[in-house]
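Engineer: The residues making up each chain are set out below.
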Amino acid sequence: MRGLALNILLALVWTLFVGEFSLRELAVGFLLGFLILSVFPLSLGTGGYVQRALAAVRFAGFFARELTVANVQVALFALRRHPPLHPMIVAYPLRLRGDSAQTLLAATITLMPGSVAMGFNPERTVLYAHTIGLNSARAARASVRKVEDALLPLYGQSAAPEESA
Amino acid sequence: MNDFVPARDIPILLGAFFVLSAAIGLMRFPDLYSRLHASSKLVTLGSAGIFLGVALEFAQTEALTRLIAVLLFQFLTTPLSAYLIAQAAYLRGLRPLLEGPDEWQALGKAALLDTDPNGAPPER
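As given, the protein sequences belong to chains Z and R, one line each in that order. The letter at position 15 of the first sequence is residue 15 when you use the UniProt record's numbering, and the numbering goes up by one with no holes. The letter at position 53 of the second sequence is residue 53 when you use the UniProt record's numbering, and the numbering goes up by one with no holes.
If you are wondering where the hints come from, they were derived from the structure by calculation, not from laboratory data. Please note: incorrect hints may appear among the correct ones.
For lysine to any residue, the following SDA-like pairs were computed, each having C-alpha atoms within a straight-line distance of at most 25 Å [unchecked claim]:
| # | chain 1 | residue 1 | chain 2 | residue 2 |
| --- | --- | --- | --- | --- |
| 1 | Z | K146 | R | P101 |
| 2 | Z | K146 | R | L76 |
| 3 | Z | K146 | R | R28 |
| 4 | Z | K146 | R | L72 |
| 5 | Z | K146 | Z | R81 |
| 6 | Z | K146 | R | F73 |
| 7 | Z | K146 | Z | H82 |
| 8 | Z | K146 | Z | A107 |
| 9 | Z | K146 | Z | F62 |
| 10 | Z | K146 | R | D102 |
| 11 | Z | K146 | R | L80 |
| 12 | Z | K146 | Z | A60 |
| 13 | Z | K146 | Z | N135 |
| 14 | Z | K146 | R | F75 |
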């Protein structure tokens with residue numbers, strides 16, 4: 001959060017220099033500020049922020065791609081004569097911890113190819129998802145795992161597998 | 001009638017196509033849980049395409065910032081409603097039509113009810 005505050009501050013400083021307060025100059029200032037923060041991560045103590053911001057950008061690209069694939073897939077299912085739905089409900093043991101991270105994971109799963117999040121167990125260690133178009137529970141878990149792998153660096157959590165429920 | 005402007009009209013047409021498939025999928029998929037796939041994914045990208053086309057038509061900063069806000073809320077709320085509908089239906093005992101395993105049931109449905117019998121919110 002300190003990194004983000006510094007970045008916004010640098011964006012405001014840039015608009016002061018340019019002498020024009022507009023969305024465009026604010027965006028330019030934000031990008032320049034981000035460049036400064038990534039060049040001096042140690043002296044400003046913002047290394048974690050830069051890495052998480054880059055992870056967020058990567059995740060946004062990944063998300064856009066997967067959302068498109070998901071839509072084409074479901075649209076084809078809707079229009080085909082005999083769609084190979086193969087519906088099932090799979091349990092996915094979570095590595096991601098924390099409410100906001102798990103909420104984001106569940107929301108992303110719902111917009112991803114083949115899966116809709118349905119619930120958690122009370123300990124918040126297992127995610128239940130309804131899936132279509134996936135042949136096996138193993139394939140379904142692999143597709144959820146892909147999202148989780150993209151989200152783990154965003155929350156600064158290690159990808160090391162821990163004991164699962 | 002205006003001419004066909006690809007940058008504006010292609011997103012709108014694609015969005016309309018996805019929303020139409022969502023409607024067809026809602027009619028054709030076999031059960032509630034499968035229909036949620038159509039209503040959540042297709043409507044999200046479909047409406048995003050239509051909004052994008054409209055914002056490009058106006059081509060102003062205000063239109064684009066509103067587009068970003070609309071998309072953000074769309075991406076936040078659509079999965080939430082799908083999640084709540086699926087969970088409510090499942091916990092109320094609506095059996096899904098399955099060709100594969102039901103691992104939720106396999107892990108013990110009773111233990112997974114998030115609320116106690118009195119309907120009080122779960123302790124955290």
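Engineer: All the hints need checking, so say for each whether the structure fits it.
Structural biologist: Hint check results:
no., hint, in the structure
1, K146(Z) with P101(R), "holds (21 Å)"
2, K146(Z) with L76(R), "holds (20 Å)"
3, K146(Z) with R28(R), "violated (29 Å)"
4, K146(Z) with L72(R), "holds (22 Å)"
5, K146(Z) with R81(Z), "violated (30 Å)"
6, K146(Z) with F73(R), "holds (24 Å)"
7, K146(Z) with H82(Z), "violated (28 Å)"
8, K146(Z) with A107(Z), "holds (14 Å)"
9, K146(Z) with F62(Z), "holds (10 Å)"
10, K146(Z) with D102(R), "holds (22 Å)"
11, K146(Z) with L80(R), "holds (21 Å)"
12, K146(Z) with A60(Z), "holds (14 Å)"
13, K146(Z) with N135(Z), "holds (17 Å)"
14, K146(Z) with F75(R), "holds (19 Å)"
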